[in-house]
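Kindly produce the complete structure, drawing on both the sequences and the hints.
Take a look at the letters that make up each chain.
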Amino acid sequence: MSEMWTAKLRNKWQKELPIEKLLPDDQPAYVASWIYVFGVLTLAALAMIIFSGIILAFQGPAWYHTSHAGKFTNSLHFWSVQLFFVFMVIHLWGKFWMAAWRGKRFATWATGAVAFIASIATAFTGYLVQTNFDSQWISFEAKDGFNSVGVGAWFTVTNLGQMLLLHVAFLPLILGAITVVHVLMVRKRGVVPPIDAQPSTDSEVGR
Amino acid sequence: MKTSNGAKHEFDAAPWKGPTKRYDIVKEGSIALVFVVILTIALSLLMGSPDEPPLTFKGWAVSNADNFYVTAVQELAGTSGTATYGPPYNKASDGLNMGPLWLQKWVGVTRPIDSVNDFVIAPLSTQVMSTEIASALATWNAASATERQGWASAYDDAITKVEGKLSDVPAGAYGPVPALAKGLTDMAKAGALDAALLSQGGFFQTDNTKQILFFGDGAYLDDAGTKANLQGGTWGMMNETGRYPGQAWLWLYSFWYQIPPFNNEESKPIGANADAYIMGIMGLLSLGLILIPVIPGIKSLPMRVPIHRGIWRQYYETQGIKRRKK
Chain A
1 MSEMWTAKLR
11 NKWQKELPIE
21 KLLPDDQPAY
31 VASWIYVFGV
41 LTLAALAMII
51 FSGIILAFQG
61 PAWYHTSHAG
71 KFTNSLHFWS
81 VQLFFVFMVI
91 HLWGKFWMAA
101 WRGKRFATWA
111 TGAVAFIASI
121 ATAFTGYLVQ
131 TNFDSQWISF
141 EAKDGFNSVG
151 VGAWFTVTNL
161 GQMLLLHVAF
171 LPLILGAITV
181 VHVLMVRKRG
191 VVPPIDAQPS
201 TDSEVGR
Chain B
1 MKTSNGAKHE
11 FDAAPWKGPT
21 KRYDIVKEGS
31 IALVFVVILT
41 IALSLLMGSP
51 DEPPLTFKGW
61 AVSNADNFYV
71 TAVQELAGTS
81 GTATYGPPYN
91 KASDGLNMGP
101 LWLQKWVGVT
111 RPIDSVNDFV
121 IAPLSTQVMS
131 TEIASALATW
141 NAASATERQG
151 WASAYDDAIT
161 KVEGKLSDVP
171 AGAYGPVPAL
181 AKGLTDMAKA
191 GALDAALLSQ
201 GGFFQTDNTK
211 QILFFGDGAY
221 LDDAGTKANL
231 QGGTWGMMNE
241 TGRYPGQAWL
251 WLYSFWYQIP
261 PFNNEESKPI
271 GANADAYIMG
281 IMGLLSLGLI
291 LIPVIPGIKS
301 LPMRVPIHRG
311 IWRQYYETQG
321 IKRRKK
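Protein chains in written order, with my numbering: chain A, 1 to 207; chain B, 1 to 326.
Think of the hints as simulated: they come from the structure by calculation, not from any bench.
A hint or two may mislead.
[Unchecked claim] So the derived list for chain A, only partly shown, Cβ under 8 Å to chain B, looks like this:
| hint | residue |
| --- | --- |
| 1 | Glu20 |
| 2 | His68 |
| 3 | Gly152 |
| 4 | Leu160 |
[As the list claims (entries may be wrong)] Derived Cβ-Cβ restraints for the label pairs, each shown as a range:
| hint | chain 1 | residue 1 | chain 2 | residue 2 | range |
| --- | --- | --- | --- | --- | --- |
| 5 | B | Phe35 | A | Val181 | 22 to 32 Å |
| 6 | A | Ser33 | B | Gly6 | 21 to 31 Å |
| 7 | A | Ile50 | B | Asn264 | 38 to 48 Å |
| 8 | A | Lys188 | B | Glu265 | 49 to 59 Å |
| 9 | A | Arg10 | B | Val305 | 38 to 48 Å |
None of the values given here were measured: they were computed from a predicted structure.
Each residue gets a CB set at the ideal place from its N, CA and C atoms; glycine is no exception.
This is the structure we're talking about:
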């Protein structure tokens with residue numbers, strides 16, 4: 001039984017991330033600052049982006065130019081993206097000044113940083129599929145940067161079809177997957193203790 | 001009590017055994033979601049979102065016919081921005097480089113564009129045309145490549161000499177080029193060029209590359225970008241049309257374009273290849289962001305700057321932990 005891959009995976013999961021860790025009802029007493037709110041606010045804004053994005057995807061990229069409902073949905077998408085980045089940047093700076101990678105949390109930091117970079121790429125393709133003057137301008141200007149390092153040979157910012165597919169399918173999938181891993185890493189490792197926090201007894205060291 | 005670095009690392013990594021408090025993360029997440037939903041709806045209702053209509057070839061040809069006409073001549077003569085671009089569109093140049101790295105050249109032509117045929121001849125050929133234009137097209141198609149280049153270059157040079165003032169261009173051996181440029185201008189004025197550029201190759205088309213590149217060869221798009229404060233030299237990468245926030249998160253990318261040598265195209269080798277160098281720099285910085293936890297100096301910055309004293313103020317006070325001495 002223990003040789004089964006499924007059983008091994010389940011056992012490892014239950015050991016590393018039991019449900020009490022995944023959905024805890026308590027936190028260390030030092031989790032007492034507004035800075036902790038910005039991670040969950042980032043996730044909330046991401047949920048709003050996905051919700052408004054799904055409606056826009058069902059109606060097609062040109063819908064919002066001619067419909068009041070479309071314009072409002074586009075505005076929801078636009079502002080949730082703006083809020084998402086504000087929250088995420090504050091979260092990122094907060095985690096930097098907390099040196100939140102301490103205590104075997106490198107992967108938590110790295111997945112967060114990759115999520116930030118993937119978010120920039122996803123937002124960028126969003127600006128390219130607005131099908132308005134801004135997307136005309138951005139695609140003409142941005143092509144030179146990508147072409148200059150050879151990336152433009154395959155990542156064609158002037159190709160609306162390619163950008164639309166990347167924006168609504170590929171990049172959200174990547175970003176979503178990284179975000180899930182990031183959140184699971186946070187839950188697995190717990191919230192990093194304060195800098196200069198010391199164990200109160202010898203038994204708390206090196207367990 | 002002092003602990004070694006190894007013991008402190010183990011302490012930071014181990015499950016917290018100190019004081020805890022009740023913390024409802026599902027409730028916190030739900031409140032955050034409601035807050036974001038309300039804030040987003042309020043901003044959307046109050047501010048809306050940007051949506052400047054796209055430019056059209058008709059708008060260009062009607063508002064600045066001479067510039068459109070001259071651009072069409074440049075496409076035929078092979079002197080336009082697209083015709084001289086290099087990879088991935090053609091082999092007219094090697095493109096940009098980063099020192100010994102000629103990545104643009106190495107990847108080669110993957111999105112071939114022939115500015116003569118794709119931008120002028122093919123679109124014109126789709127039209128029901130006057131006898132003059134039909135005759136000009138027939139003459140062009142029957143001519144040798146040398147003849148075509150001779151006519152187009154002679155006319156392009158003549159226009160350059162009179163600084164674009166078309167009425168001052170002297171008579172010359174320009175062949176059918178003036179008629180072709182006029183035919184394309186009339187086609188654009190009628191609103192037929194936008195679709196003709198897009199539809200080359202079939203019924204279903206989603207690639208606007210030809211339209212965008214042709215637009216950029218003239219002054220119309222560039223002027224509109226300047227007017228909207230979107231030029232790269234003035235932080236335009238971060239800006240949005242109207243009074244809306246743009247991609248502010250690109251501030252660092254945009255920053256490099258504001259300072260020497262990147263902001264001077266005449267400065268070799270870096271300024272002339274700014275796009276490539278800035279891409280390289282941002283790639284390295286992105287990697288640096290991911291690797292901050294292992295970069296000496298930067299990884300210990302949070303311990304030296306006491307911002308964490310504010311974040312964990314309550315904990316430090318209750319535990320009586322003083323700020324570490326340098």
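Going through the numbered hints above, which ones does this structure break? Give me the numbers in ascending order. 1, 2
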